[in-house]
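Visitor: Chains as they are written, first to last, in the working numbering: chain A, 366 to 852; chain B, 129 to 613.
It is worth saying that the hints were derived from the structure and are not from the lab.
By construction, the Cβ of each residue, glycine as well, lies at the ideal position given by its N, Cα and C atoms.
Some hints could be false.
Said to hold, decoys possible - Listed below are the simulated DSS-like cross-link pairs for lysine-lysine, each with C-alpha atoms no more than 25 Å apart in a straight line:
| id | chain 1 | residue 1 | chain 2 | residue 2 |
| --- | --- | --- | --- | --- |
| 1 | B | 300 | B | 263 |
| 2 | A | 556 | B | 132 |
| 3 | B | 377 | A | 556 |
| 4 | B | 130 | A | 821 |
| 5 | A | 555 | A | 821 |
| 6 | A | 668 | A | 716 |
| 7 | B | 238 | B | 405 |
| 8 | A | 556 | A | 821 |
| 9 | B | 130 | A | 548 |
| 10 | B | 292 | A | 555 |
| 11 | A | 716 | A | 673 |
| 12 | A | 541 | A | 431 |
| 13 | A | 821 | B | 132 |
| 14 | B | 263 | B | 377 |
| 15 | A | 555 | A | 803 |
| 16 | A | 545 | A | 555 |
| 17 | A | 815 | B | 292 |
| 18 | B | 238 | B | 292 |
| 19 | A | 556 | A | 716 |
| 20 | B | 132 | B | 377 |
| 21 | A | 815 | B | 132 |
| 22 | B | 132 | A | 555 |
| 23 | A | 821 | A | 805 |
Stated by the list, open to error - Calculated from the model, a selection of chain B residues having no Cβ within reach of chain A, i.e. all distances over 12 Å:
| id | residue |
| --- | --- |
| 24 | 233 |
| 25 | 283 |
| 26 | 294 |
| 27 | 341 |
| 28 | 393 |
| 29 | 438 |
Spelled out from the first residue to the last, the chains are:
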Amino acid sequence: MLFNSIDFLIFFPIVLIVFYIVPERFRYIWLLIASYYFYMQWNPAYALLLFGATAVTYVGALILEKTSSVRIRKITLVTAIVIDLGFLCYFKYSVMFMGYINKILSITAHRQIPWDMNIVLPVGISFFTFQALGYLIDVYRGDTYAEHNFLRYALFISFFPQLVAGPIERSRNLLKQLAKPQKFSFENLKKGLFVMLYGFFMKVVIADRLAILVDTVFADPVTWPGMYILVASTAFTIQIYCDFYGYSTIARGTALTMGIELMDNFNAPYFARTISELWRRWHLSLSTWFRDYLYIPLGGNRKGTFRKYLNIMIVFAVSGLWHGASLSFVIWGALQGVFQLIEAGVAFIRKKLGLRRGDGIISRILGAIVTFILFDISFIIFRSNSLTNLRVIIDRLFGDFDAGVLFDGSVLNLGISAGYMWVLLIALIIFYAVDVIKYKTGDVRGWFFKRPLWFKCVSVVFLLTYIIVFGRYGGTYDVKQFIYFQF
Amino acid sequence: MKTKERIRGLVAFVCSVAAFIAIVCILNYIYVVNGEPWYDQWYRNLYHSYYEQDNIDCLVLGTSHVHFGIDPQILDELNGMNNFNMANPGQRYDDSYYLLREVDSSHDLKEVLLECSYQCLYEELVPNEDRSDYKYVDYIHDPANYSSPWMITYHMRPSVNRFKMLVTAADKEYALATIFPFVRYRENLFDMETIKYNIGLKRSPEYRNYNYDYTVPDSHGITTHISYPGKGYYYYDGAILEDDEKLVKQNADVTTDPIGEESLGYMRRIIEYCQAKGIKISLFSLPVYDVETVSCGDYDRFIAAMREFASEYGLEVYDFTLIKDETLPLPKDEMFWDHAHMNRAGCEFYTPLVWQTLHDPGSTASLFADSYAQILAEREPEIYGLWYRDVSYDDRPDPAGIFGGGWREYNVASSRPDMTYVIRKGPYEASGEEPGGVSGQTGGDLFEEVEQIAPGRFLLPAGEYGLIEVTGTCGDDIVSMKVKY
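If we strip away everything but chain B, and leave its shape as in the complex, we get (with noise of 0.2 Å):
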């Protein structure tokens, strides 16, 4: 009797167990869709194509600079292995880590390239304890970047290495997020069109099929291709940039933000892996327009760092940023078809460059400038953009407190520091076209100028939009552009 009772006890415990798994499984399946549909099957067709690889021989990490930047087959042709580009968008140096142990795990890695990316190695400002300031976190432990590794491990198969990305992919106060992963799509639970919508794209031919092949408008009406080749590398034929997109959130300053110790931490761990396992690898980074890297402050010293950290392992790091402009086939900002990410063109062309640098350096050393700031002085006088902060003022009332959309710091982007400006700002309309273009007139009365608190530099409600109109002065030299905010 009292076995029957614990048999129907354990059966009824079984049974529980699933029926909640069923549950949580059903649930993942209704709201686990990452954003846009393209970004994330970004990482669900990558992960799909990496388990159907063979040998992988030469693996790329990075962020998603790389993904769009560095095409495998390319490299194929070029060094006749079996290349694997497993860059994922705002990738953390602890996922890289445990990335590449999971595929030297399966696989015989003979080579690794790995990013030094700016973005993924400051630290970075987010809302302290009780939200009345800013502090410093490693970019591991921003909220905001936990969704790298959830990403990744929702899509890759059971694992030890999966298991650690998991452990170590969110602060303990996100650990429901971690081990369910529909719990991070709770703001979505009561939005019937957001669940039509998933499971209708999860029905869908193409995404059982991991067809992907998306063509998107974008805001100026021009039709761009992204598509999946395969290998990681995603395909963006990309729209060029147009001035009045030229406006960036600044991702790190690295002229007065700490280089986080964690991430450094696991940077050492990848390099020394390797080098243990007798796995080649090589370190670089790629470009972002100008916009971008301007607001990072001064980049050489970001390099200057890089290159002594290399260092301690023998290693040279290579950064792309310092190519010649005369080295280009094309204006630099029709290479990315935004601010940080390159299109076919840039590509095309950055990937042998790249491989051909990692290989046998003397051969392009030639091509390369000795800092970022040559390269701007011997540029014209040009304003690439606008780059903002949010921040906090004491000595000015905050609109609505600083995280409910309070002060945002706009900055010049330009080749120039002496360059003055004349800012004036206004509604979009107010430049005289419809929306899709801004380069007629800016409608006159409508635009007031700015007060700048600093060259370039001017405070805005972060609630506001509009258009922001820039005149530089430079000398003789008088450049202009405007851009939406």
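Bound-form chain A, shown alone (with noise of 0.2 Å):
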């Protein structure tokens, strides 16, 4: 069930109202009810791989909790991690790995292990198996109590708006929420309504108008000239932004009509001035839950210069695996490792000179810019899903680029009229508004709900109207997956 669905446009106030006509000690059973419900739309088989994934960490942290001896407390940590990642393994890197192990033994052994290349990904997987990792390593830290109520953890765990796509929450802020009764708020559902509605417009209006652009290059992407793979690249740049936030944003909305409270996931991450800061405001769930569990285990920056650096390639690379079973996201992930490695040399250098960085608006746009040129960069690998569609599109790239395209009206020929162009650029401005409030305030719903009631009521009116207007949406539509949903 997606979210820009009809199905969860009517599966929503049910579980709404439900939720609220319910007594308050019952709701989290409600809500469970709802998440697995909601779950099981894609696929019903799915659900036991996330009750199993549930009752792992639940048995473990118990364990956990119960035991005081190292060698016990090590040894149930590592069989649930082992198990939890042996699920996510199986399921997501089992064909990738198999497809690597045979092509190697077919050339040295002659023969090939028989394995099914068929398996489908179960949706959600890898936000949460590391949800329900998190807690579990947690609780062996000390760092939060393990839940003795088993449904409220399994709704923890399988929480619908967040379940399919994160925020991967953390034990402490969201686990805590669930165990308290959730009072009706009027203010709560007002907000949360209204941020589902920014939500819908950054994917239904942005997001999935510009796929159409990034889909027409990147379907075939031998046929195109350098300037437009540019200009799709791009295109996907802002595309999976606005898809990725538009998504949280919704599951956010959702979860604070309930009046539960989820994490941001971004924060204006295109105004970054260093790939280093773009990642401490881009998918915050993930970025700290690698910091936390994975960075900070290695040594993070505690054990000298060339462990930092060798943690954070460590880090980028698994990263880049989590988000999909092939070299190119690898490869994608690494590189976000090596841009930070260049940017520690050039600040090293710029020491070394008694160079100091600008803070003016100029130095700020400029970092911004460049920022954004070389997330774009990596993106091309990130889209290009395989090792030779990437070497197709750099041949493409660097073969046959002409600038002229930009001018002459040839961009149009890429599946978006100059009328929706004009609706691209019109939601764009306001997009880019918005994220530079955010930059500036850190808060954009609090800046957002203090302004003047007409403001307010014209926003809501205008959002609204553009959605139904110029939105992608409906049977005649292909109505696009929210792209973080194959990881």
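Build the complex: two chains, separate frames, hints provided.
Guide: Printed below as a string of structure tokens:
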């Protein structure tokens, strides 16, 4: 069930109304039922997998709490991690790894290991596995308590707004909120609905419209000159942000209507002046997960400069692998690490030369542009999906580059009419204006709800109209899945 | 203070809702015109005149075949009642059901004439989810047929039945198009010509006064006249169908297509509703031109299925396709303005005949043949035209994907199954005449023979157009026809 589907627009009000009708102490049970129903809309059988990941970490956490034996605690932790990661590896990575192994075997031993190469990736597995593991490690470290109520814990893992594409929540935030009965709040309802509306705006007006252009070019990159590929990759960089941020925003809004505050996943990343700053603003729930559960255990920056950057490379390579079972994703992730190494090198040289980094508006804008371009380049690898495609795209990018197509109307051949180009332009201006506010204030929601009443009313009517008139939805359109669902 | 804030909030909410509704109304005004202006106004005028009626005694329900084929004013003279024709183009049986209930809720209905339409009863082939092939869906669930309830409800006044019709109008993916009518026309969002045209049309005195009187030149330059005399009937004095336009898309294959259970279910509900309410109900089918009837496959099979269905309720079905040729006052093709819709001459002949047959079947029994096959067999060898359907063949390269202009299978419709054909194709201009006539020479070398995959059946790319020349031989008889494709 997609957020931008009519099923969700029926499902959500029903869940919300019943949520506030049932007694407070039973609300989490209702949410659990709704969450499993939501998940089973993709593949009912995979609900067992969700249940399995939940049960393993639930039992593991209880054992960790009960025992003080270091050995048993370690064995318990490792066993639970291995089982949960085992699920993830089997469903997500086994096809890739067996493909490589069989390639090697067929060359060296002229044989192959039989393997089902058509395993369907359970939606959201990377998200709920990481959420469960984060909880388990927190319990192991004593940073959080072990939840004794299995149903409440099951809801923590399966809470439908963030189940399939995050944010990857922490027990310290979400589990505690689920433990408290949620009271009806008109403020939360109002704010939640508005936040959802803005999420839909990002998804169906911007991301899905840009998807037409991006899909047209990347479906057959060999037929498009380099400039088109550059335009498409830039469009993809914006598309993926609006798509993922849109999803996260709808998720936050949905949860807020029920009085639950999810973490913010983005903080104006495209205004970052460096790649390392960008990663402190992009997919925050994943970035902080890797920081807390991989980077710091690896030693973080405590073991010298070399280890620090080695750790960064490891973290980003693993992050790339988390995004997809393909070498191109690993390269994409590693590239993020390489960019940060280069940034560190430049900072070192600048320091040696006694040059200070400018802090004016021009310097900030230039920094943001360079960072965006670097991120954009990395997304060419990300979007290409395979190394073969990547080679083709790079060949086209540098082989046939005519900047004139930007000005002679040729871009309109990419599936977006002149009228919709204007629609996109206006939407992007609004979107970036909102991001500027977020960049400056850090709390765009708080900023918005302090505006005069007329401003809020006009904004709601404008967004609603804009979505209905210009959004991509309905039976005649190919409803795009959220990009991050595939991870 | 808190109360004041709440009042402000409430006022702001009401103003926002009002602003949104105003925007939707403006967008509807700008965009909602369904295709040609006369088509949109069929619905508009029909429902305008419906709400002006005194008590309606007899209601006619069906598709556009009935819309042009039954004149309630002729019925008024025959039965002394107030008759109303509430048949709309492509009208689905669920729409007919809700319209019946709507009319019955505010009128003392005594009689219902319900068309048994093969067009709206058989399941249709639509692209499957991944658009790799076709699948069968009930006529009600083919997105191409959502426009019927959308247009009807757009012109109806608010009511429970209108709401129910809207709820069942379209599958849930089309919910926003159902709720907000302008969404159905979003392909025209930036089409300034269409916007100007729509606004101009809606501001015209004719439109505002529900005057409906169009003069439409057909492709042969013959002027035809279409008007709305009231009570749901549309008058079309119509051009006589020219040979070169005798090309139709197959609506249904009654030999192989399954009958839609949901559509049939609504037919049942209509009959059961009438019988429960003591409203007399009669079932009938009007004829279409033979190229369309032949395209349906074994038409007698449809008649048999309908008779069997009607017998479950103790009813008869009268199919006027079976009227013998010698009964007709004119050659059949002169009673239609296209392959499926009657002109005024057809309506004036069939309306009294339908009423008389439904109320005194014995008096007209001798006018009916036993079967459509018998009618064809008794005719001279004749070619009626061509019919086609879009197909996908695995063993043939698909020129542009099956839904982007793939193969189109053409079939010759004739009165003889044993006729053999020579089929040639060429550019339209190769007829040796300017567009507007095709009776001249074929242009010799510009025409080439087309390979037949079965007698009278051949494939051409869907995007291709031109002229097809069919020469049929049946014994010593040779007949021919040229059809634009």
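Visitor: Each hint needs a verdict: does it hold in this structure or not?
Guide: Here is how each hint holds up against the structure:
1. 300(B) / 263(B): holds, 19 Å
2. 556(A) / 132(B): holds, 20 Å
3. 377(B) / 556(A): violated, 53 Å
4. 130(B) / 821(A): This hinted pair holds, its Cα atoms lying about 19 Å apart.
5. 555(A) / 821(A): With a Cα-Cα distance of about 11 Å, the restraint between residue 555(A) and residue 821(A) holds, given a limit of 25 Å.
6. 668(A) / 716(A): OK: residue 668(A) and residue 716(A) at ~22 Å, within 25 Å.
7. 238(B) / 405(B): holds, 9 Å
8. 556(A) / 821(A): Satisfied, since the Cα-Cα distance of roughly 11 Å is no more than 25 Å.
9. 130(B) / 548(A): Answer holds: residue 130(B) to residue 548(A) is near 20 Å, not above 25 Å.
10. 292(B) / 555(A): violated, 30 Å
11. 716(A) / 673(A): holds, 19 Å
12. 541(A) / 431(A): holds, 20 Å
13. 821(A) / 132(B): holds, 18 Å
14. 263(B) / 377(B): Given pair residue 263(B), residue 377(B) holds - Cα atoms ~18 Å apart, limit 25 Å.
15. 555(A) / 803(A): Holds, at roughly 20 Å.
16. 545(A) / 555(A): holds, 21 Å
17. 815(A) / 292(B): violated, 42 Å
18. 238(B) / 292(B): Cα-Cα ~24 Å, so holds.
19. 556(A) / 716(A): Status violated; Cα separation ~46 Å.
20. 132(B) / 377(B): Given pair residue 132(B), residue 377(B) is violated - Cα atoms ~65 Å apart, limit 25 Å.
21. 815(A) / 132(B): holds, 18 Å
22. 132(B) / 555(A): Holds: residue 132(B) and residue 555(A) sit about 18 Å apart, inside 25 Å.
23. 821(A) / 805(A): holds, 20 Å
24. 233: Check passes; 29 Å lies beyond 12 Å.
25. 283: Correct as stated: the minimum Cβ-Cβ distance to chain A is 22 Å, above 12 Å.
26. 294: holds, 14 Å
27. 341: holds, 34 Å
28. 393: holds, 23 Å
29. 438: It holds; residue 438(B) is separated from chain A by about 35 Å at its closest Cβ, greater than 12 Å.
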